[in-house]
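Trainee: Read in order, the letters of the sequence shown correspond to residues 20 to 117 in our numbering.
Treat the hints with caution; some may be incorrect.
[Stated by the list, open to error] BS3-like, lysine-lysine: derived pairs with alpha carbons at most 30 angstroms apart: (1) K36 with K92; (2) K92 with K68; (3) K88 with K63; (4) K45 with K63; (5) K79 with K92.
[Claimed, not checked] Estimated spans, in silico, between C-beta atoms of each pair: (6) P82 with R34: 26 to 36 angstroms; (7) R34 with E103: 20 to 30 angstroms; (8) I64 with A101: 52 to 62 angstroms; (9) F106 with K72: 45 to 55 angstroms; (10) L91 with E53: 27 to 37 angstroms; (11) H89 with I41: 36 to 46 angstroms; (12) G49 with K83: 26 to 36 angstroms.
Everything labelled a hint here was simulated from the structure, so no lab data went into it. In this text, a Cβ means the ideal position worked out from N, Cα and C, and glycines have one as well.
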Amino acid sequence: MAIRDEAEQLIKDLRNKIDELIEKAKDASGEVREEMEETIEKLKIQRDKLEEKMDDFRVKNEPKIEEAKHHLKNALDEIGKAFEKMFRKGPSAEEMKD
């Protein structure tokens, strides 16, 4: 699983946990409900910060990732061509005698 997928899954899990706490808080009474609501608000703030950091990371790094993919694809193409040339000519080929 990619790091981005893992991070998105963590945020999804956090949302689900917050939703569970909200449901439990509805059944709680008085002081317990207040504590749960405070905890829920803190979790929401943390979730929002995490989502913001993920978005920033994605915006800053997506072009770099695409550029890296492009360069990797070109490198793989060149390696593939070199292998084809090497295996087509064999070890006794004129170019391999250097």
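Trainee: Confirm or reject the claim that H89 and I41 have a C-beta distance inside 36 to 46 angstroms.
Mentor: 45 angstroms, holds
Trainee: Looking only at beta-carbon atoms, does the pair L91, E53 fall within the given range of 27 to 37 angstroms?
Mentor: 54 angstroms, violated
Trainee: Has the given pair, K88 with K63, been kept, meaning a C-alpha gap of at most 30 angstroms?
Mentor: 35 angstroms, violated
Trainee: Check the following: the C-beta atoms of F106 and K72 are separated by a distance inside 45 to 55 angstroms.
Mentor: Since F106 and K72 have Cβ atoms about 48 angstroms apart, the given range 45 to 55 angstroms holds.
Trainee: Can you let me know if the beta-carbon spacing of I64 and A101 is within 52 to 62 angstroms?
Mentor: 54 angstroms, holds
Trainee: Starting from K92, check that the Cα of K68 is at most 30 angstroms away, please.
Mentor: At roughly 35 angstroms apart (the allowed maximum being 30 angstroms), K68 and K92 break the hint.
Trainee: Taking 30 angstroms as the top limit, are the C-alpha atoms of K36 and K92 close enough?
Mentor: The hint is violated at about 41 angstroms.
Trainee: Hey, K79 versus K92, does the alpha-carbon distance stay inside 30 angstroms?
Mentor: It holds: about 21 angstroms lies between the C-alpha atoms, which stays within 30 angstroms.
Trainee: Taken at face value, is the distance from the CA of K63 to the CA of K45 at most 30 angstroms?
Mentor: Measuring from Cα to Cα gives roughly 17 angstroms; hence the hint holds.
Trainee: Given the hint of 26 to 36 angstroms, check if G49 and K83 actually sit that far apart at their C-beta atoms.
Mentor: 52 angstroms, violated
Trainee: Take the C-beta atom of P82 and the C-beta atom of R34, compute their distance, and say whether it sits inside 26 to 36 angstroms.
Mentor: 28 angstroms, holds
Trainee: Quick check on a hinted range of 20 to 30 angstroms for R34 and E103, using CB atoms only.
Mentor: For R34 and E103 the Cβ distance comes to about 50 angstroms; the hint is violated.
Going through the hint list in order, the structure does not satisfy hints 1, 2, 3, 7, 10, 12.
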